[in-house]
Amino acid sequence: MSLPAGAVAMVDEAEAAPVAVADRPTAPGRPRRKRKGRLDRHTGLWAAFFLAPTTIGLGVFYLWPVVQTIYFSFTSWGPFGGHTFIGLDNYEAIFQDPQVGVAARNTLYFAVLGLLGLPVSLVLAATLNRPGRKGVSAYRALIFLPVVTMPAAVAIVWRWLFNGDFGIINSLLGSVGISGTSWLSNPDTALLALAVVGIWSTVGYNMVILMAGLQSIPKQFYEAASLDGAGPVRQFTSITVPLLSPSLFFVSVLSVIGSLQTFDLVYVMIGKTSPALPQTRTIVYLFFEKAFIANDRGYAAALAFVLLLVISAITGLQFWLQKKWVHYA
Amino acid sequence: MPSAPAVTGGDSRVWRDRGGRVAAHTFLIAAVIALAGPFLWELLTSFKTLAESTKVPPTVLPEDWHGDNYGEALTGIPMWKMLGNSVVNAIVRTLGQLLFCSMAAYAFARLDFPGRRVLFGLFLTVLLVPSQLLVIPQYQIMQDLNLLNTLTAVFLPGMFSAFGTFLLRQFFLALPVELEEAARLDGASPLRIYWSVLLPLARPGLIALGILTMIWSWNDLLWPLIVTTDTANMTLSVGLTSLQGQFQTDYPVLMAGSLLATLPVIAVFVVLQKHVIEGIALSGSKG
Chain L
83 MSLPAGAVAM
93 VDEAEAAPVA
103 VADRPTAPGR
113 PRRKRKGRLD
123 RHTGLWAAFF
133 LAPTTIGLGV
143 FYLWPVVQTI
153 YFSFTSWGPF
163 GGHTFIGLDN
173 YEAIFQDPQV
183 GVAARNTLYF
193 AVLGLLGLPV
203 SLVLAATLNR
213 PGRKGVSAYR
223 ALIFLPVVTM
233 PAAVAIVWRW
243 LFNGDFGIIN
253 SLLGSVGISG
263 TSWLSNPDTA
273 LLALAVVGIW
283 STVGYNMVIL
293 MAGLQSIPKQ
303 FYEAASLDGA
313 GPVRQFTSIT
323 VPLLSPSLFF
333 VSVLSVIGSL
343 QTFDLVYVMI
353 GKTSPALPQT
363 RTIVYLFFEK
373 AFIANDRGYA
383 AALAFVLLLV
393 ISAITGLQFW
403 LQKKWVHYA
Chain D
64 MPSAPAVTGG
74 DSRVWRDRGG
84 RVAAHTFLIA
94 AVIALAGPFL
104 WELLTSFKTL
114 AESTKVPPTV
124 LPEDWHGDNY
134 GEALTGIPMW
144 KMLGNSVVNA
154 IVRTLGQLLF
164 CSMAAYAFAR
174 LDFPGRRVLF
184 GLFLTVLLVP
194 SQLLVIPQYQ
204 IMQDLNLLNT
214 LTAVFLPGMF
224 SAFGTFLLRQ
234 FFLALPVELE
244 EAARLDGASP
254 LRIYWSVLLP
264 LARPGLIALG
274 ILTMIWSWND
284 LLWPLIVTTD
294 TANMTLSVGL
304 TSLQGQFQTD
314 YPVLMAGSLL
324 ATLPVIAVFV
334 VLQKHVIEGI
344 ALSGSKG
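First to last, the protein sequences are chains L and D. When the first sequence is numbered by the numbering used here, its final residue is 411 and no position is left out of the sequence of numbers. When the second sequence is numbered by the numbering used here, its final residue is 350 and no position is left out of the sequence of numbers.
Chain L extracted, bound-state conformation (with noise of 0.2 Å):
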């Protein structure tokens, strides 16, 4: 899976952590100089040997790769494998191929359906944190089940829920009078059923997160707030809100990240041969046809590499809006 750039955030931090602890032990006078001029000599070879196999491994399946995939991309594939280079046209192609401008408003239309179960994991996390409250740990592992759940399992259970003569949704909705539809083969409504299941699937996740950003705003601010006169909703749009905002910055990064790579969900809820298929095809998606499928292998590598630099552009603008409305204590 790939990841987050919030764990380099996450990275920076610890970066002066090692440094403090390296510096400590040289401190003068301290008969270790020489213990540690012995070991020096064989501490490349101890280096070496841990981390060989992460380094190997890493290296062939990881780093490489990324090498290859973007020297992939400027060439174009034959039916037997073979490749030959072509320059920018597979960049030309995308910018001109009416599928990807098609794929790409529905992984972002995705991403952005996907921002709004924020405020629902904000206001389950608020809710269950509040000092005394009963019944914590179930509620929060009932809450997290979908996130541990195979997406596979979870896409076909969602596929019976939706179901538009039999399924249950409709069946409720029709109970206070609302007429459901096709929700999944109908063009209109699948992209907003799948987005239902992407958040279905992360509240709990995001939940979570943002119960550990609640445990580290310090007691003394409610009481003196509470002192003051302040309600449980001022509270939390005066003192729970902003000094999250570190977290859900976290959680929204990873939620648009998470969007953007989306892929389970459309492969098993939308069939192959689906009418909403178009209106439902992420880049991903179409990575995955135009690769595996109709075996378009530099073409593929190419739409792999955009939506690298459309994740990266977008995270990017993330942590530069991040001044206006993130605060660090």
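Keep in mind that a hint or two might mislead.
Only pairs whose alpha carbons sit at most 16 Å apart, straight line, appear in this in silico EDC-like list of lysine to aspartate or glutamate [to be verified]:
no.	chain 1	residue 1	chain 2	residue 2
1	D	K144	D	D313
2	D	K118	D	D313
3	L	K405	L	D378
4	D	K118	L	D247
5	L	K216	D	D80
Okay, the calculated bits of chain L under chain D, using three or more residues with CB under 8 Å as the criterion [stated by the list, open to error]:
no.	region
6	206 to 216
7	372 to 385
8	403 to 410
Simulated from the structure, these hints should not be mistaken for lab results. Here a beta-carbon is modelled for each residue, glycine too, at the ideal position from N, C-alpha and C.
Following the hints, complete the assembly by docking chain D onto the known chain L.
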């Protein structure tokens, strides 16, 4: 539920607190129904006959509990074989990551060697690259190694992880250096220090990484879908998609199959819930 006595404040205070509590629990219960409800519906449907499942309006409880759907799901795809594949995939990837990531993490956290920063920087770039960018070359590598359509191809790349290395390095950095120095004075080698001093102390980190890796290996779809074509080599998550093709409209069988595929991970989650949630809160990201 016993209400906590309000120490200060009059009746209105008591009422407001109780009202707030009721509202909070009502909201939480509604959320639980929305989030866990689909599982319950899946369970109930898996015991209905096809005819009953398509009744309008739907019945909630099955009229007679009908277990055949499970039999059909089991025979519709080679479920036991795929279950075995999923278990092997999850275990090998988890053990691989725990060993290799902890070794690399130890080197980054505790050994001062030339080029450490550069190498760590390279590891971090791996964290940032979306997995889709890698699958074409990864597929080619498996083809070149003649591993396509084998279980080895499914688990091999997942045994190495920049994320795991990063997570465990954080853990090692937080452990006191004194213990290690004492061991070094006693003449212990770095291997000994890593294995006997640091690994036992890093248990919470290892458990968190292990559980996350296991869950994500179990649920992974795109990569196993690409590298396996024979049903005998597929993992359950891929197998489910072929079950879906076969029983497109027989929802009770599909519900039974989905439930069987998710049961192991739900069981792991129920038993290790505390660690899973701590691991998530701690790592703040997917592996």
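Each hint, compared with the structure:
| no. | hint | in the structure |
| --- | --- | --- |
| 1 | D:K144 to D:D313 | violated, 22 Å |
| 2 | D:K118 to D:D313 | holds, 13 Å |
| 3 | L:K405 to L:D378 | violated, 42 Å |
| 4 | D:K118 to L:D247 | holds, 9 Å |
| 5 | L:K216 to D:D80 | holds, 14 Å |
| 6 | 206 to 216 | holds (count 7) |
| 7 | 372 to 385 | holds (count 5) |
| 8 | 403 to 410 | violated (count 0) |
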